[in-house]
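J.: Residue numbers (the numbering used here), protein chains in the order written: chain A, 170 to 571; chain B, 170 to 571.
It should be emphasised that the hints constitute simulated quantities derived from the structure, not laboratory data.
The structure presented is a predicted model; accordingly, all values stated were derived computationally and were not measured.
It is possible that some hints are incorrect.
[What the hints assert, rightly or not] Computed list of lysine-lysine pairs in DSSO-like fashion (alpha-carbon distance at most 27 Å, straight line):
(1) A:Lys302 <-> B:Lys324
(2) B:Lys268 <-> A:Lys182
(3) A:Lys177 <-> B:Lys268
(4) B:Lys177 <-> A:Lys268
Protein chains: 2
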Amino acid sequence: MNNNDALKIRAEKVIPGGMYGHMSVYRGMPEGYPQYFRRAEGCRLWDVDGNEYIDFMCSYGPMIAGYGNHRIRAAADAQRNELDIADAPAPLIVDLAEKFVSQVSHAGWAIFAKNGNDATTVCNMVARAQTGKRKILVAEGAYHGAQPWAARRTKGTPAEDYVNFPTYQFNDIENLTVAAQAVAGDLAGIVVSGFKHDAGSEQELTDPDFACKVREICDAEGAALILDDVRAGLRLSLDASWTLHGVQPNLSAWGKCIANGEPLAAILGDDEYRDAARSIFVTGSFWYQAAPMAAALETLAILEEEDAPRTLERLGQQFRDGLYEQAQRHARPIVQSGPPQMPTVMFEDDVNFELGFRFCTNALRNGVYMHPWHNMFLSVAHTEQDIAQALEATNRAFKALS
Amino acid sequence: MNNNDALKIRAEKVIPGGMYGHMSVYRGMPEGYPQYFRRAEGCRLWDVDGNEYIDFMCSYGPMIAGYGNHRIRAAADAQRNELDIADAPAPLIVDLAEKFVSQVSHAGWAIFAKNGNDATTVCNMVARAQTGKRKILVAEGAYHGAQPWAARRTKGTPAEDYVNFPTYQFNDIENLTVAAQAVAGDLAGIVVSGFKHDAGSEQELTDPDFACKVREICDAEGAALILDDVRAGLRLSLDASWTLHGVQPNLSAWGKCIANGEPLAAILGDDEYRDAARSIFVTGSFWYQAAPMAAALETLAILEEEDAPRTLERLGQQFRDGLYEQAQRHARPIVQSGPPQMPTVMFEDDVNFELGFRFCTNALRNGVYMHPWHNMFLSVAHTEQDIAQALEATNRAFKALS
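All chains should be built: construct the whole structure from the sequences, respecting the hints.
T.: Encoded structure:
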């Protein structure tokens, strides 16, 4: 028995279902995917049986500047040597708030937390405190975290948890208008994401007309435009992602990659919402932890130096072009969606991802970690050579489909 | 202007209210309390102006084995050198789940998260998934985190967020019985804490008869007994804290000190609730982070070696006895409540903590960081000499009251 299977047998006894959440391979991952990893460096992972992979998931987003990045690790360690947590924060919480406020054009202030879902939840609280209203519109199928209000997909959450969170269809102006009218007078906010990156389906870039309409409805209703940039943040733009469409949110939620994998989330807001943000009480034991803030300052510096959104776009396009050419050559038509920085690859007419699963298993066996039904992520630790090597592996994976 | 005030002026511009949450000195801390710290080591803190303090807050709980504990830091660093986060967890998630299951007698399984509030929320979800019922009874005045269901004290949370969380009076059998009857047939769980440690009031140890009654009602209704041991965990017992009263919870929530300040929370449950825990989807980008799990394994080993609950009790009693003697001698009667490991010190008939504030300011000026209206925390990094030195400072603080 290999190490991975031995660990899975032990885990079955002490972890419900063998593993929980999105990192469970039992939840819809193809055959042969490792449940445990031993080592990570740059854009590469090694599983507990010594197999090496070029990673296209980046820990589902958090890794953006390379596993074990020496500059980021050194910055975090230097802070740890002095102080990580205490009875009050370290001074660099102010440095980091200033950095975000200068980098993100809508932001006048920042609050830091741990989970991306902390950030989306605090945005809702600030919107409600500001407006005195209750309803927050969320896009059907969108993921904003696993807290009850955001988790209609799971058991254990009664309907009351969602009663104030009616849904609308992303990119559908008419549908959004009707949904907003239905709660007129009680609308506290509309939550959007950088683009439509729902798991299990083709991704959709944001229609700029839709983005303008969201802003227009929020302005008319006095509601907050809440941008959940937890997943797309810093990969599409170093500013809030909807600035690409000329639209500023009132509140934005950040997490995942902002500290390159150290646990940190951020809530940014404009000056109009400052008093509301001051009026609520939100906190957590680890929300002031200093080492992840030191990591974030270094991560933001690196992403600026590397012109990350353009670099990731170029690398993602190289991967996309290569996959397109291979799919054509092997007569296995694929659908590539989402921005190149966060590519999603599916096969045409692929019921239950049957072909996608086989392809991903083949890619895995050839040393590339891909995902069949979730958007993937590029990092600035990927190089053109890594992409070229990955494409050699995917070519073998296409071949093996026949 | 000193460094602390200069930082506060900068922070006013980029952090709502100058600081958020429980680490804001604007929220009810006495005059002169530092808003920022520069260095932490053992049981000592240094503020940004170089003042040194013996710390009795332990970061509001997380620090239990000393700031910068070398063994714990080495364990976390060794794990960071290999892998912190990846597309799936490191093997030690299984080691840590096994360790908790062997140490905590009710536990058959574990799920790991980041915030203590993640843990309390997941307990609710598991209880509801198991029972198919909606109502969770929570003690009036108790703090279970800042998520909306637990945060009735703050703005920005509409009443619907609490509609399924009716309250009862802790330690009041009759009141609990009535509260449970009012939701009979729809009761998913009752949330309790290790003892009544509400901020701003005298602490109350758990009445063992009350604990038995909670168990009895849960059994009769088929509801979950949910123990929130986030704050009291590992300081009263290395097992779940209500085992001290002979009562086992079905689900328990852990956080704060389990990794000595590295961000980690845990949900433990018994075998009856295993399938329900498997049936829900809960997760977070950083919930599988390996370095805090390495820190937790080392922390748990140290607390066992040091017989932490008894050691902290002895140190806390030394502090309590000294304060009692001083209060008597200076004719300033005090009320000391809660367990010695987590002492709360207030002055008799002290309206608005007026005397408490002056005393704590005096103690601070003499090098001791205390809190006037929140329970404090001992750590195994405190020594008898530290307590003796702290008592010299509190003696000067009592003197200065006259």
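J.: A separate judgement is required for each hint: does it hold in the structure or not?
T.: Results for each hint:
For the proposed pair Lys302 (chain A) and Lys324 (chain B), the alpha carbon gap of about 11 Å is at most 27 Å, so the pair holds. At roughly 12 Å between alpha-carbon atoms, Lys268 (chain B) and Lys182 (chain A) fall within 27 Å of each other, so this suggested pair holds. The hinted pair formed by Lys177 (chain A) and Lys268 (chain B) meets the criterion: a straight-line CA distance of about 16 Å does not exceed 27 Å. The hinted pair formed by Lys177 (chain B) and Lys268 (chain A) meets the criterion: a straight-line CA distance of about 16 Å does not exceed 27 Å.
Hint check: no violations occur; every hint is consistent with the structure.
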